[in-house]
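Asker: For reference, the chains in residue letters:
There are 2 protein chains.
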Amino acid sequence: MNGAQAMIRTLVDCGVDVCFMNPGTSEMHFVHALDSVPEMRGVLALFEGVATGAADGYARMADRPAAVLLHLGPGLGNGLANLHNARRAKVPVVNVVGDHATYHAKYDAPLQSDILSIARGVSSWVRTVASSETIARDTADAVAASYGAPGQVATLIVPADTCWLDSPGPVGPSPVSGAGTVPSDRIDDIAAVLRGGEPAGLLVGGTAMRTGALHDAARVGMATGAKVLSETFPTRAERGAGTPAVERLAYLAEFAQMQLQGLRHLVLVDAAHPASFFAYPDKASDLVAEGCQVHVLSAPDEDAAGALAALAAALDAPSDPPVIPAGRPARPTGELNAESMANALGALLPEGAVVADEGNTTGLFAQGATAGCPPHDWLTLTGGAIGFGLPTATGAAVAVPGRKVICLEADGSAMYTAQSLWTQVREGLDVTTIILNNGSYAVLNMELSRVGAGDPGPRALSMLDIPGLDFVALAASMGVPATRATTAEEFTVQLEAAIAVDGPALVEAVVPRTI
Amino acid sequence: MNGAQAMIRTLVDCGVDVCFMNPGTSEMHFVHALDSVPEMRGVLALFEGVATGAADGYARMADRPAAVLLHLGPGLGNGLANLHNARRAKVPVVNVVGDHATYHAKYDAPLQSDILSIARGVSSWVRTVASSETIARDTADAVAASYGAPGQVATLIVPADTCWLDSPGPVGPSPVSGAGTVPSDRIDDIAAVLRGGEPAGLLVGGTAMRTGALHDAARVGMATGAKVLSETFPTRAERGAGTPAVERLAYLAEFAQMQLQGLRHLVLVDAAHPASFFAYPDKASDLVAEGCQVHVLSAPDEDAAGALAALAAALDAPSDPPVIPAGRPARPTGELNAESMANALGALLPEGAVVADEGNTTGLFAQGATAGCPPHDWLTLTGGAIGFGLPTATGAAVAVPGRKVICLEADGSAMYTAQSLWTQVREGLDVTTIILNNGSYAVLNMELSRVGAGDPGPRALSMLDIPGLDFVALAASMGVPATRATTAEEFTVQLEAAIAVDGPALVEAVVPRTI
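Heads up: the protein sequence lines correspond to chains A and B, in order.
Position 405 of the first sequence, counted from 1, bears residue number 405 in my numbering, the numbering being contiguous throughout.
Position 421 of the second sequence, counted from 1, bears residue number 421 in my numbering, the numbering being contiguous throughout.
Bound conformation, chain A alone (with noise of 0.2 Å):
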């Protein structure tokens, strides 16, 4: 057995059976033992952006880390952005990076690169395989390092030899280290805060978005009368009709700024410290209030749900706050816009679905418009590095073979990423992608006017641009079914078609900017 078989085994061992590739020379020996070991599950993808996004995709709906492969520095760098989103969605990834053979580095080839560096800007742990000889536990660690807690980036550098050469044979898996316990004296001390009466709010993100850990937030705040809220940009929000109703804290400084106003104690649930996403001229950065106090229920690598069902516990809380009521929109008529496609999407949303939202500016309405729905899953941009709905929206379909995935993408990330159609299409997945062409970067605009440098001239202005783009074409050459609409029954009627098709399909909606 060489390195590359018993890698590959160590990984199905380990619970790791999918993997998303794009390889070169260098990964030869690992996908010739793809045959070898056919638990594997060997996806192809034509872009390693492609790769990587779908390894976070499948990750937030699996609960388990897949592996990626990548060729060299340049393969890393290309799959880069999705794993920064990856990391920041704090999910288990095993990145499998090849590398020239060990004796073979000297040589400075043209492919030979920094990859330790580049990896360290996105991986909590990074290790270079040694020899053939260790590459098993090399492997089986990888695979415990990623669940973390939280669950994070580990990149394994694997050395072409180490893959071709004689190995023990694979191992187990490596200890896990697993969320820590909150103490009970910090659940102590937050129950006596929040007794206190004075204005509260709980801001809940990361593994507190699952239904279970929801609803005890919600029993909190209705026990306390401290407000809920929940981050921004959740990795997987557990949503829909009979879910708690939590509040999203605004993208837009100035308005989540107006949610934490008058609040003086703020409570984090596995969740970030409320700050501004960029930083703007005369603007605050940190969003929490003057006189606000922070305090931290759960750390990322702590027992999220567990902290609040103590905290529910310790505060007596009533066991059935209030709950979404199921309630679709009627189907929309009339201007194709950032609304009446909301309308649409929240009129059709099958139950089960899960939903790769990119749709940026056009977006905005959806979560709204979809929250009477049957329960499902939403899935969001984590680390703000565009190009992510359409990866993550495969990679998702992978995980949950049974359920429709949704993704809404807007034109300009579209375009960082529409490699994912082809391996959707290659493996069959169910995904319905709905393209949101505006024909700008819309949100730039908005930046654009907000970042304070006065009126725009027309050169500016040209670059939030994007115009000519046919997505129903560029969805042909890959072989996905694509329609157009641009009128509000046209994207209804082909919208309940596409999720009709059993595999891949797209509609594009030509909509005005939002902004």
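Heads up, simulated DSS-like pairs for lysine-lysine below, C-alpha to C-alpha not over 27 Å straight-line: (1) B:Lys227 to B:Lys283; (2) B:Lys106 to A:Lys283; (3) A:Lys106 to B:Lys283; (4) A:Lys283 to A:Lys227.
Just so you know, these hints were derived from the structure itself, not from any lab.
We have chain A; now place chain B onto it with these hints.
Answerer: The following block gives chain B in isolation, referenced to the frame of chain A:
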């Protein structure tokens, strides 16, 4: 004048007047400032790899740097692969990466990332702008650093507040170190070696691939009997009828070893020591034969053309080495394959054309078939990171607007940075793209058989198959007129028509796998 205006004005004053960009919020002051410095041409890309590859192509043809504008760590990641190629091409690139405002970093906002670590992987020079007071000098220093010698990627990390705060204004150029003169005793030593009569070769690369230097290399070969070889992947080779014949070192190690066989002396002229592109089990990485002495005439930071001229003079070399006679292949007929495709290109290549060659296996015959065409330039994949051809062609077309750019692009590689086509349309660039569609990562089929893993199984082979891509539709999605050819006659007629278009056009050549 704010920092951004001072930066752009300084770039222009230092001779950098093109910026390939894919900006985000933290770069909005830079974008805004474009209207106050009209000499700066902003060229928008839909993906960062297009911007960085375009800067590479621009520098190869303009012999001076363009600027690149990227958005934080993820944007840099997306641009990394083509920066790697530019680094290997030893061309100057001024790589501007926007960052959060200095005071915002501590909030660890979603897009916060370790830009420095990522940048170090591809940049010889990295600096973070400390304030708007220093931004102009930092910019001038980055331009100077990019020139080297040799040319390099100089990365300037620019916190947003250093752009929006007041600055003292632009500064003039910083001193450029320039290429060193090769000492005369080294010239004399190498002249003595070559006069010695033992079998010798010159391996010419880098800046020595221009006509004047190649002419002197050929003179040296004529005077001494030394074999004149060129490196496998030159940055920019001037070639065609009337240029001296130079034998290209083969990509495949076995062939390269045969070319170097029997040499007792190998003289490197701005070329790397011959090493295998990848390592293979039981094959040599070092391709130089045992007993062959390697001499460096000119290192990358030295004046290679001057050294060759001095060497030719020291050897009293004849002034008129043989040159390649004018001649084109006949228009091909019959099956469309790598060879007939190359012959069609040879039959039609316009004088002064620039060929960006990422033809990979199907491009194998292209150099041979065009050797006797009117003088032209040939740009190759210096760093081995695929996704190079379309962006490099785009940048080359910006650099030399009067000349036809031909992009030879393999299907797999095309899918990395196909967004280039949109920039070509937007800027009206005169690029003819030939997509070589064999539905396969054909080079990996070859590599898979070469790595000694034994016969591949069906699952391994399926990872190298990329069927179902329709490049005519892909071109249409971005507004490029395109046709598909399946016979040599069709291809020749379509290529002729595409070349006749004054602007972007694309021909998809459906070809069988070469290997």
